[in-house]
Amino acid sequence: MAYLHTHNNIFDVINKSRIRTAALEIKSTVYPDDPSIENFIQNVVEMADDYERQFVPRARGWSNQ
Amino acid sequence: MAFTHSSGWRPDFGGILKSAGSGGLFGAMCVRYGSEDEPDTTGEYFDQFTDFAFKSAQMRVCTLFNHGLPIDSSAVAKRFSDAVFPDATIERVEGGLFGTIKLSPADPLQSAVARMIEAGALRFSSGSTVQFARRQGGRIVRWPIVELSVTARPAEPRLPKIRNLQPS
Numbered sequence: 001m002a003y004l005h006t007h008n009n010i011f012d013v014i015n016k017s018r019i020r021t022a023a024l025e026i027k028s029t030v031y032p033d034d035p036s037i038e039n040f041i042q043n044v045v046e047m048a049d050d051y052e053r054q055f056v057p058r059a060r061g062w063s064n065q
Numbered sequence: 066m067a068f069t070h071s072s073g074w075r076p077d078f079g080g081i082l083k084s085a086g087s088g089g090l091f092g093a094m095c096v097r098y099g100s101e102d103e104p105d106t107t108g109e110y111f112d113q114f115t116d117f118a119f120k121s122a123q124m125r126v127c128t129l130f131n132h133g134l135p136i137d138s139s140a141v142a143k144r145f146s147d148a149v150f151p152d153a154t155i156e157r158v159e160g161g162l163f164g165t166i167k168l169s170p171a172d173p174l175q176s177a178v179a180r181m182i183e184a185g186a187l188r189f190s191s192g193s194t195v196q197f198a199r200r201q202g203g204r205i206v207r208w209p210i211v212e213l214s215v216t217a218r219p220a221e222p223r224l225p226k227i228r229n230l231q232p233s
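Sequences listed follow chains Y and C, in order. 1 is the number of the first residue of the first sequence in my numbering; add one for each residue after it. 66 is the number of the first residue of the second sequence in my numbering; add one for each residue after it.
FYI, nobody ran anything at the bench for these hints, they're computed from the structure. What you were told as hints is all true, and nothing was included just to trick you.
Capping the alpha-carbon separation at 25 Å, the derived lysine to aspartate or glutamate pairs in DMTMM-like fashion look like this: (1) Lys226/C with Glu38/Y; (2) Lys226/C with Asp147/C; (3) Lys226/C with Glu46/Y; (4) Lys143/C with Asp49/Y; (5) Lys143/C with Glu183/C; (6) Lys226/C with Asp50/Y; (7) Lys226/C with Asp172/C; (8) Lys143/C with Asp50/Y; (9) Lys143/C with Glu46/Y.
Short, incomplete list of chain C residues facing chain Y, as computed with Cβ under 10 Å: (10) Thr106; (11) Asn131; (12) Ser139; (13) Val141; (14) Phe145; (15) Leu174; (16) Ala177; (17) Met181; (18) Ala186; (19) Leu187; (20) Ala217; (21) Pro219; (22) Pro222; (23) Arg223.
For each residue, glycine too, the CB sits at the ideal point set by N, CA and C.
Whole structure, please, built from the sequences with the hints as guidance.
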């Protein structure tokens, strides 16, 4: 019988220590209505802008750019 | 009984292909080699000796949005975090690994991801699992990639933004 790992589902094991994403602050806002995909896209663009301001200038100073 | 079209029948597309939105072939570096002096934002780094468990020149892994983690508590964020997008292709290039994904304009979530890419909001980020990954201090010794995510906040800020590889 094949042994089935109980912990090998990638969706179960993905967490901060095993992925390559900067720590993410989950927004506590609960929207009164489900936001549309358009709103979601806008949120992601704003999140990317924040990331650029926070991390990218530091990376520009590194040698292997 | 199954309906059979007469010979020579073709679907009536009207001669014009309609697009439901953005889509296409997109790509960027998905792993960039660092060093002890220049780790990523989590204090770790890959280098050219990291074992990504390639079984051939290319590997294919499924694509997730932000590693399957919702970016906020909205229902639409959950839709994106639950979605499994078309497989990404990963291959070695100088200085790291390069990822490519093909997104369908007919799928609303894929089309939305394509629009986020076109807005310059997404970069790649690789995911592995505890059984596979091995670290030695900050150096990542082994990192078999089980999924490639598109995210606004990768751990490695030197990664370039994902871009359209077939601009019109």
